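Trainee: Below are the chains, spelled out letter by letter.
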Amino acid sequence: MNRKHREPLIHLSKRKELAWQKEWGIRLLAIVIALIVCAVVTVIVTGIDPIGFYKTMVAGAFGTARRRWTLGKETAVLLCISLALTPAFRMRFWNLGGEGQILIGALATTACMILLGNKLPAPLLILIMVLAALAAGAVWAMLPALCKAKWNTNETLFTLMMNYVATQLCAYFIIVWEVPKGSGKIGIINQSTEAGWLPIIGNRYLLTILVVAILTIAMYIYLTYSKQGFEISVVGESEATARYVGIKVSKVIIRTLLISGAICGLTGFLLVSGTDHTLTTTLAGGKGFTAVMVAWLAKFNPLGMVLSSLLLVFLSQGSAEITSIYGLNQSFGDILTGIILFFIIGSEFFINYRLHFRKAAK
Amino acid sequence: MPERVPAVQMRGITKIFGSVRANYRVNLDIYKGEILAILGENGSGKTTLMNMLSGIYFPDEGKIFIDGKEVTISSPREAFDYGIGMIHQHFKLVDVMTATENIVLGLHEEGKLDLVKAAGKIRDICKAYGFEVDPDKKIYEMSVSEKQTVEIVKVLYRGADILILDEPTAVLTPQETDKLFAVLRTMREDGKAIVIITHKMHEVEDLSDRVAILRRGEYVGDLMTKDTNAQEMTDMMVGRAVSLNIDRPDPVDPKPRIEVSGLTVRDQDGILKLDNVGFTASSGEILGIAGISGSGQKELLEAIAGLQPTESGSVMFIDDDGNKKELLGKDPLEIAALGVTLSFVPEDRLGMGLVGNMDLSGNMMLRSYRRGKSAFTDRLFPKNLAKQVVEELEVLTPGIETPVRRLSGGNVQKVLVGREIASAPSVLLTAYAVRGLDINSSYTIYDLLNQQKKRGVAVVYVGEDLDVLLELCDKIVVLCGGKVSGILDGRTADKNEVGLLMTRVGGGEKE
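Just so you know, the sequences run in chain order A and B.
Its first residue numbered 1, the first sequence is counted upward by one per residue in the numbering used here.
Its first residue numbered 1, the second sequence is counted upward by one per residue in the numbering used here.
With the rest of the complex left out, here is chain A:
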């Protein structure tokens, strides 16, 4: 019975609370280690020198004015989707239907541009497009919300499946509206008249960036200071508590998802009317899922999401540049991004837990 046991090398214990400086110190350290590991992996695998490696990465994201604008636009789009998902996530409603809600918003925008294109004055047309996109996204998110509120269906599966429906719908209408016939593409819509295109102020991406900046602050205020934002938090923490204080849980679920879907729809509008001026089934390009990570990394804080979305876009732009400059396989960029995210997400473990090492034998 009396087997001899030794004290283990490492013990884990949960931390109580950490000063925010230490918390960010750990995160910063994780990023530094991640970059070192990336450099080591790159050198071993490809033989590129590490300094040049980082230079290329930074240059890929910030190198030229055009790249900086692209970085800003990509960040804004990703941030916009993350902002859309956040109210739902705060309510513990896992809206994985960002892709579909964006596409359906984009489809509504496209429909307005094509069908009403040159029949209405520009401001009125754009207003109608915005409203259509908001409504389409909201409806797409409301269906799962309604079923969740009424029959407690699983929102993760439901929102996910709605993505495929949206993709197929878009595919159908792309064929209906294809230009020229048989090409399977819509092409640039209203190229000659630019009807329904968002006006360009300064840079062609500036308006999109401004809209998202305003939205970020508005969302932060809504979630932190408004009564509805408070209700979202309470429902997310405990439905029993919400009912106990008289909050109508199903109403809050539906209301919140209307907001979530509408902002996704707005993203679709910004993509079609503001930058792409066309519709493809890959318009969202997986950003509806990347945004999930952006929101998680920032712990659902809209202001923190500015940083996390910037980081992710920087990583993807930077590693794209590395793969193209050094003629590497495209997957190499994904490997680098993966390493960095691994460290960033892993650092949360060290923020929550403390390691104790075995003391030297007495």
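Check the hints yourself; a few may be wrong.
So, partial list: chain A residues that the calculated Cβ filter (under 8 Å) puts toward chain B [stated by the list, open to error]:
| no. | residue |
| --- | --- |
| 1 | His11 |
| 2 | Glu237 |
| 3 | Ala240 |
| 4 | Arg243 |
| 5 | Val245 |
| 6 | Gln330 |
Simulated from the structure, these hints should not be mistaken for laboratory data.
All values derive from a computational prediction rather than experimental measurement.
We put the beta carbon where it would ideally sit given N, CA and C, even for glycine.
Starting from the known structure of chain A, arrange chain B on it as the hints suggest.
Mentor: Relative to the frame of chain A, chain B by itself:
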């Protein structure tokens, strides 16, 4: 018996969590053939200390000796190797498996897995100690007490001879408690060492041979149970002399306030939870509700508070002028809109009454956030209220920005009760208001309820401790299987009478 050798010696045990010193230089001896009670207030480090013995935590400092030899215990499996088994407050069983499967789960015995043989061994253990458990029954079909039995058998099956039970009676009815105690005594006769963690004084007196007392993580001392009494133990536990009498002021000008009649409730599966319940709660009185847990107490309070769908009946609120208002079929907001200030301290404090991850002012805001026409919340009012509650009820907290789940049980309850009485209610419903609370916090809660009573509030107190019900309440409604089995005067009722009513409707006829 000065010459007997301790089975376990803990020496200078210290465990620190962040800034909290859970245990500090604790020395404790455990002997075979003895029932040791570890007594202490909430947060005094009882469970932490025993978790270190059973391999869940590892001490920061100190040594553990078993049969005189120094040992290191760094996992529950290693604890089992030394014959130490712990039965936790929250059971760790797989619902869809049978008792036998749960018991052999995680064991690495030589040879092939033989469930039939295992079941036989389980039956032998049950027979030896007087357990009643069916080895082939699935866990989800079991009552709480059966699950607990499975946990105990699991520990014995692994050959434990040092058993630690963490507040085992918290989930049991009085009858089940008696049964458990009988089994524990048999085990003591068999030469096992039993440790029971509790803060219920009468259990210590009933069961234990020796009692060790902890206060704020430190070891205060031990006493032979037969040489001490409740008062002495309480004083040692709290660190100063405490009065153990509960105040019961006479009701002033009681008027009917809540009139419940014919109330019938079925749960989602159609099972009758309340059957034609009727009683009247008056202003300036504390109405006690007694009953075995699950007799419909939860449904009753939630029905009054507008949280429980009902089948039939009526709940009338009667104001000072005798005007009646029906509360049934209205949600909490509609009840508030009637001008009825009804406060409710639910059983599930962190799951219903409060939000564990929110700080104190956020939790105050739960009741007040709707105030005003603005789309934004008023954050000053809840902040001030939180400060006021912390100050008036002496809530121990690092600050009002601390999430309430970080507070100890007693302080959580003070925050909840503090918020509920802050709205100056005319009806105050409380469910198990002192469950899990230590003596000091319990008395604070009794005082608060009495203050409300003096203010003319109709207080409803659902309780489990009959002694407290009989000392605190003016009137006692006894529930049995969803029916009212009797309504007694708190000043004249006796414990046996209430106990009988709890198990049989009317108290007389047999089942």
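Trainee: The structure should be examined with respect to each hint, and the outcome stated for every one.
Mentor: Results of checking the hints against the structure:
1. His11: holds (5 Å)
2. Glu237: holds (4 Å)
3. Ala240: holds (4 Å)
4. Arg243: holds (6 Å)
5. Val245: holds (5 Å)
6. Gln330: violated (42 Å)
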